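Asks: Sequence:
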Amino acid sequence: MTQQQKQIVVIGGGVMGICTAYFLAEAGHQVALIEQRSNVAEESTLGNSGLLSAGSATPWATPGMRNKILAGMFSQEAPNVLNARLSPALWRWLRRWISESELPRFRSHVQQMQRLASYSQQLLQQLQQHFQLDFEQSSGLLALLRTEAELAAHAPLQALLTECGIAHSVLDGDAARTLEPALGGAASVAGGLYFPDLGAGNCTLFTKQLKAITQALGVQFHFDTAVGAIDAQGAQVGLQVGSEQLQVDAVVVAAGAGSARLLKPLGVRLPLYPIKTYTATAAVRNHEVAPHMALQDANYQVSMSRIGDRLRLAGIAEFGAKDMRIDDKALRTLLKVAQDWFPDAANFNHASFWCGHTPMLADEVPLLGRVGAGNVFVNLGHGGSGWSMALGAAKIVADQVCGHAPEIDLDGLTLARYGLYGL
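Using UniProt numbering, the letters of the sequence shown correspond one by one to residues 1 to 423.
The set of hints was computed from the structure by calculation and includes no laboratory data. Don't take each hint at face value.
Pair ranges (Cβ atoms, derived) [what the hints assert, rightly or not]: (1) His404 x Asn349: 47 to 55 angstroms; (2) His404 x Leu246: 34 to 42 angstroms; (3) Leu246 x His350: 42 to 50 angstroms; (4) His287 x Ser243: 40 to 48 angstroms; (5) Phe131 x Ala155: 49 to 57 angstroms; (6) Ala229 x Arg92: 20 to 28 angstroms; (7) Ser243 x Asp134: 26 to 34 angstroms; (8) Glu163 x Lys264: 31 to 39 angstroms; (9) His350 x Gly64: 32 to 40 angstroms.
This structure is a prediction, so every number in the text was calculated from the model and none was measured. Even glycine gets a Cβ: it sits at the ideal position worked out from N, Cα and C.
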């Protein structure tokens, strides 16, 4: 029996929106994508860390986060920056975010994210083989640990990764240097966790390649266009776009930080907050001492990705800042990590710096699927590990729009975890 073709609008032109549009178009539907910027991948996707590994899909808020934030307030370099303009709404979000880092909740969130990231990785491999995609990939991910105390503190995470079936190995300092010879100039390496699966790539390039594929499938793109409101009453969904009112069969909201504004009139309240994050990208100047795989500094929560002939450092969570100013502490932290691990690999003082706002749910687990009883669906809240979960999240949402059962367990990934209409 042939499935009835639907008219579907996807709101958002980041990697989540593009992946969702791809699976919907592949299923045979008429798809339009609406993006308020002038092209795809111009906001959070543009500043993506590049990490592409199930092993990297873990919450930023790890056990002990409260003490880490307090310690960072008195340090010149820290993974988190508390802005003086903190609002009561953000304080409430921070309290909940920190509470989600307690070990039992952290364990649950890791399991949910790993399940989604592993599924996404399988889909990516299929997509790569089918379309012969090349988006400047590098293989392998090494999470670096500076001290023996850090190595011991990661024991619970190692157990969780084993439980989730994520291939990894624990290395001492000598083994880490053997695996990545560029670490020879590093000051201190106590050890690391090595993940042999996909390590990193150019998320912006991938998104644009997938845009071309979706265009070939018939997806219509509408840039410099904003959706004013969603009306979910009735069998169809109404969209206010400028002065026009459109009627479609279904809508997928994948608009990042703008999603909360569109969902609130529908009665959906979510603990979603835009967190300012940073990247520094520098051209490799000395290939002999530049890393060839993706790395993470576990202490500063900064990733280092080899993307072609460039190194990208990404991380830092700044809470409370709505502007686009580069914070001095964030800049110092990125440069410190670069100098500590690969001081001669690139001229980081001449790097290009980016900052943007990544929408993050308090539990950092993506929110997927239908909103209420209508035909509005969401694909949002992926945080800093978004690309590692993007294809899996998109396929799940597309399956639900099509009326198909998703291929993995959705426990903890839907609106049900917040109650019917959120919190």
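Asks: Work down the list of hints and note, for each, if the structure agrees.
Replies: Each hint, compared with the structure:
Distance hint check: the CB atoms of histidine 404 and asparagine 349 are about 52 angstroms apart, consistent with the given range 47 to 55 angstroms. The supplied range of 34 to 42 angstroms is broken by histidine 404 and leucine 246, whose beta-carbon atoms lie about 25 angstroms from each other. Restraint check, leucine 246 to histidine 350: a C-beta distance of roughly 47 angstroms satisfies the suggested window 42 to 50 angstroms. Taking 40 to 48 angstroms as the suggested C-beta distance range, the pair histidine 287 and serine 243 does not conform, at roughly 55 angstroms.
Roughly 40 angstroms separates the CB atoms of phenylalanine 131 and alanine 155, a value that falls outside the hinted 49 to 57 angstroms. The given range of 20 to 28 angstroms is respected by alanine 229 and arginine 92, whose C-beta atoms sit roughly 26 angstroms from each other. In this structure the supplied range 26 to 34 angstroms is violated for serine 243 paired with aspartate 134, their Cβ-Cβ distance being about 43 angstroms. In this structure the hint that glutamate 163 and lysine 264 lie 31 to 39 angstroms apart at CB holds, the actual value being about 37 angstroms.
Range check, histidine 350 to glycine 64: about 36 angstroms between beta-carbon atoms, so the 32 to 40 angstroms window is met.
The structure fails hints 2, 4, 5, 7 (numbered hints given earlier, in ascending order).
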